[in-house]
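Chemist: One letter stands for each residue in the lines below.
2 protein chains.
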Amino acid sequence: MSIIIKGGSILTPRGLVKGDLYIEGNRIVGIGKTTRSKPDAVIDGNGKIAIPGLVNAHTHVSMSIFRGYGEDLPLDRWLKEKIWPIEAKQKPKDVEASALLSFCEMIRSGTTCFADTSLFDASIIIGAARKAGMRGIVARSFLDQGDAEKTKRAMAELGSQSSLMHGKDNPVRLSAAVHAPYTCSEEILLRAKSVADTLGIKLQIHASETRKEIFDVLKERGKYPIEYLDSIGFLGPDCIIAHAGWLTKREIGILGKSGSSIASCPVSNLKLATGGISQITELDRSGANVALGTDSAASNNCLDMFQTMKIASLLQKHHYWKADALPVDKAFAFATANGARALGFDAGALEIGRLADIVLLDQAPNMAPIHDILSNLVYSAGPQNVSDVIIDGKVVMREREIMTLDEPDIIRKAESAAQDIKSR
Amino acid sequence: MSIIIKGGSILTPRGLVKGDLYIEGNRIVGIGKTTRSKPDAVIDGNGKIAIPGLVNAHTHVSMSIFRGYGEDLPLDRWLKEKIWPIEAKQKPKDVEASALLSFCEMIRSGTTCFADTSLFDASIIIGAARKAGMRGIVARSFLDQGDAEKTKRAMAELGSQSSLMHGKDNPVRLSAAVHAPYTCSEEILLRAKSVADTLGIKLQIHASETRKEIFDVLKERGKYPIEYLDSIGFLGPDCIIAHAGWLTKREIGILGKSGSSIASCPVSNLKLATGGISQITELDRSGANVALGTDSAASNNCLDMFQTMKIASLLQKHHYWKADALPVDKAFAFATANGARALGFDAGALEIGRLADIVLLDQAPNMAPIHDILSNLVYSAGPQNVSDVIIDGKVVMREREIMTLDEPDIIRKAESAAQDIKSR
Chain A
1 MSIIIKGGSI
11 LTPRGLVKGD
21 LYIEGNRIVG
31 IGKTTRSKPD
41 AVIDGNGKIA
51 IPGLVNAHTH
61 VSMSIFRGYG
71 EDLPLDRWLK
81 EKIWPIEAKQ
91 KPKDVEASAL
101 LSFCEMIRSG
111 TTCFADTSLF
121 DASIIIGAAR
131 KAGMRGIVAR
141 SFLDQGDAEK
151 TKRAMAELGS
161 QSSLMHGKDN
171 PVRLSAAVHA
181 PYTCSEEILL
191 RAKSVADTLG
201 IKLQIHASET
211 RKEIFDVLKE
221 RGKYPIEYLD
231 SIGFLGPDCI
241 IAHAGWLTKR
251 EIGILGKSGS
261 SIASCPVSNL
271 KLATGGISQI
281 TELDRSGANV
291 ALGTDSAASN
301 NCLDMFQTMK
311 IASLLQKHHY
321 WKADALPVDK
331 AFAFATANGA
341 RALGFDAGAL
351 EIGRLADIVL
361 LDQAPNMAPI
371 HDILSNLVYS
381 AGPQNVSDVI
391 IDGKVVMRER
401 EIMTLDEPDI
411 IRKAESAAQD
421 IKSR
Chain B
1 MSIIIKGGSI
11 LTPRGLVKGD
21 LYIEGNRIVG
31 IGKTTRSKPD
41 AVIDGNGKIA
51 IPGLVNAHTH
61 VSMSIFRGYG
71 EDLPLDRWLK
81 EKIWPIEAKQ
91 KPKDVEASAL
101 LSFCEMIRSG
111 TTCFADTSLF
121 DASIIIGAAR
131 KAGMRGIVAR
141 SFLDQGDAEK
151 TKRAMAELGS
161 QSSLMHGKDN
171 PVRLSAAVHA
181 PYTCSEEILL
191 RAKSVADTLG
201 IKLQIHASET
211 RKEIFDVLKE
221 RGKYPIEYLD
231 SIGFLGPDCI
241 IAHAGWLTKR
251 EIGILGKSGS
261 SIASCPVSNL
271 KLATGGISQI
281 TELDRSGANV
291 ALGTDSAASN
301 NCLDMFQTMK
311 IASLLQKHHY
321 WKADALPVDK
331 AFAFATANGA
341 RALGFDAGAL
351 EIGRLADIVL
361 LDQAPNMAPI
371 HDILSNLVYS
381 AGPQNVSDVI
391 IDGKVVMRER
401 EIMTLDEPDI
411 IRKAESAAQD
421 IKSR
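Chains as they are written, first to last, in this note's numbering: chain A, 1 to 424; chain B, 1 to 424.
Hints are supplied without guarantee of correctness; some may be wrong.
No farther apart than 27 Å at their CA atoms in a straight line, the calculated lysine-lysine pairs in the DSS-like style are these [stated by the list, open to error]: (1) B:82 with B:422; (2) A:413 with B:18; (3) A:413 with B:6; (4) B:322 with A:212; (5) A:322 with B:212; (6) A:219 with B:322; (7) A:322 with B:80.
Cβ-Cβ distance ranges computed for the label pairs, FRET-style [stated by the list, open to error]: (8) B:197 with A:44: 56 to 62 Å; (9) A:162 with B:416: 56 to 62 Å; (10) B:92 with A:47: 26 to 32 Å; (11) B:187 with A:77: 54 to 60 Å; (12) B:187 with A:32: 55 to 61 Å; (13) B:82 with A:77: 41 to 47 Å; (14) A:162 with B:82: 54 to 60 Å; (15) B:211 with A:259: 37 to 43 Å; (16) B:321 with A:233: 32 to 38 Å; (17) A:149 with B:17: 49 to 55 Å.
None of these hints come from the bench; they were simulated from the model.
Beta carbons: idealized from backbone N, C-alpha and C, even for Gly.
Let the sequences and hints guide you as you build the complete structure.
Modeler: Structure (structure tokens):
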């Protein structure tokens, strides 16, 4: 399959290029040239801007059906009183309904790649993602919270997932995950790390999200969360730390040195009033790979990465009282190239040879004029501008119509799953 | 002219109602009933939710063509080095082009009513707003900055604007405005207040936006900005204070007692790194009328009131470390009913007898499921959900097509105005 996007503007790492964008198979093979052998499909790019698809480096697609459920509570009460009890009632078909709803929202808002963790069998979300045509990494997340029986089960199950491994070229891949240093024994943290190393897959964890967690980990393990994870050898280039909103300078240095990825989730942190603003500019300078995530639609309450990119930028300006704290090229890279790197995909930039994950934005009043296209993308753009989405060389949305999924049916099923669970 | 929106959901102050929404002339005359005499137009509301149009209580539509120009500078340098020099080169046709671009963006993002100030003759923006079919108040804003010649001119011009007054039923109305306590002499502040009182129009001013301003006003006038405005009798129910991001507890009390309106602009404050978070929950409790604004697209960089409503809410949670700092019904009222009240219009809620400013949202994955419609509106909704807009009983957008303006032409003209000015 080959596709030409004809006559639009293409955002490359070296700026806007006018011309054609060529895709063969799942890779970008040409940018800006005007002739080429006959493609299988032509998309009129006139008046459109092609950008790399956005990467959501931390989310929980199983939770989208809890959007707006259990509002206005701090993290610990929100989890214990609302989310964990309702998740316990969630069945595999509810997880699938929620995942498919999430993928519709992601596609419509220009997200082509995601990292997910959930309490459920990873095969459900992997299957839904394949149906949608998304790219991503998916993990079942483990926690034992001092429960020996749970530890035993988690130890066994962590190792048994290799059946879900697929070829390296598969756009949806298995990942390993453990919930957080304050909910996991050292035993299962190390087991997850070793499974990830053995299978060569990514390792996801939440850390340093709330102040309470910092105090709890300090008390129990005598170290700050990141120091602790470092001390047990958990960190490294395949590790993705979600949140990292309360870090000491020393921990920023540790994360940089280890080459870990950060998935900062500013909207969720604000909404749950964690009080922490992830120091992503300092993390970036320290050598960590900074990416961005929405967290779940239950604590955001959407999966809009344009919004997350803007709010992440605004919070850096606010936090440091510096209007130039985070340049727009950095912010855009956090939401694209760095995200792809964190998740282990050769995507996130429109360059020859890269994976073809491409979003087309059409002309709209909120994107005009163009004094600085990156500024418009980081501060002005939104889901309303997304017209077409290509993932892994396949057209998943064409002129605002999702091609891979029956969207009205998915919305109906998600709505009824949400109501069903509450009545169980 | 009468319109029926048939068979949708209607967000009233008492919750969602299923049924029809009737409009006669420019007012809502029926909600939820199923029969009615033959209307002039029927809109199929099936699967849609009708909400009151959002109110942008502080913006500068003349500046939208500077979106993305002069990025990443703090307020004082941004104004002095970038904005004021380029505004000096702006001609009336550029102002009109910028205003029309802004109205396209507002309509597409569900904003039906706005408050504007600019350095230009108010008739230009009033004319453009009428063409677009918007509702709003428009003011030429004065400042003299210790320049006696400017003071003299401003004193004369402030009084001469009454020619722009129109009947009370006109959806676009003249307002009075002065820039800020730190840029205006007491003479013109009082003159603007007296003109507003005489004409019975609203009085707009920026105040307490940056810390530098606080220090400057304290030094020069011996009082904090709001204390100072109070001491000269400037405040009152017809006064709209934009920003109010750095207030003492005493000033919050003063604003409440005076019954003034606040137009908090959280996105602009973050973007210009003012460091202040307007204490809108405390202001609301004190009795002030809290409304929200985007500020200009040059410092936001969009005019999306859904985003402003969400970020305003998130910042209250963050500022007070309280996940329930600002309930969603309050946040929604700030962006609708309170905004309408600030601007002096009997709009902002879907109730019989109110002005018919109505936005229809269609079904979309980011708005499902509905556990709590207000939560979805405040935290999940965006311009992508807006399908139809009615202002003052007239359809200005139908199924995403703006009926009152030639949108592609407006985008082209705004783009060329933006490029022309830079080359002058």
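Chemist: A separate judgement is required for each hint: does it hold in the structure or not?
Modeler: Hints and how they fare:
1. B:82 with B:422: Cα-Cα ~11 Å, so holds.
2. A:413 with B:18: holds, 21 Å
3. A:413 with B:6: Answer holds: residue 413 (chain A) to residue 6 (chain B) is near 25 Å, not above 27 Å.
4. B:322 with A:212: Status holds; Cα separation ~14 Å.
5. A:322 with B:212: holds, 14 Å
6. A:219 with B:322: holds, 24 Å
7. A:322 with B:80: holds, 17 Å
8. B:197 with A:44: 56 to 62 Å: holds, 57 Å
9. A:162 with B:416: 56 to 62 Å: Holds, since residue 162 (chain A) and residue 416 (chain B) (Cβ atoms, about 59 Å apart) stay within the stated range.
10. B:92 with A:47: 26 to 32 Å: holds, 28 Å
11. B:187 with A:77: 54 to 60 Å: 55 Å Cβ-Cβ, so the 54 to 60 Å window holds.
12. B:187 with A:32: 55 to 61 Å: holds, 60 Å
13. B:82 with A:77: 41 to 47 Å: About 46 Å separates the Cβ atoms of residue 82 (chain B) and residue 77 (chain A), which means 41 to 47 Å holds.
14. A:162 with B:82: 54 to 60 Å: holds, 57 Å
15. B:211 with A:259: 37 to 43 Å: The hinted range 37 to 43 Å holds for residue 211 (chain B) and residue 259 (chain A), with Cβ atoms some 39 Å apart.
16. B:321 with A:233: 32 to 38 Å: holds, 34 Å
17. A:149 with B:17: 49 to 55 Å: holds, 50 Å
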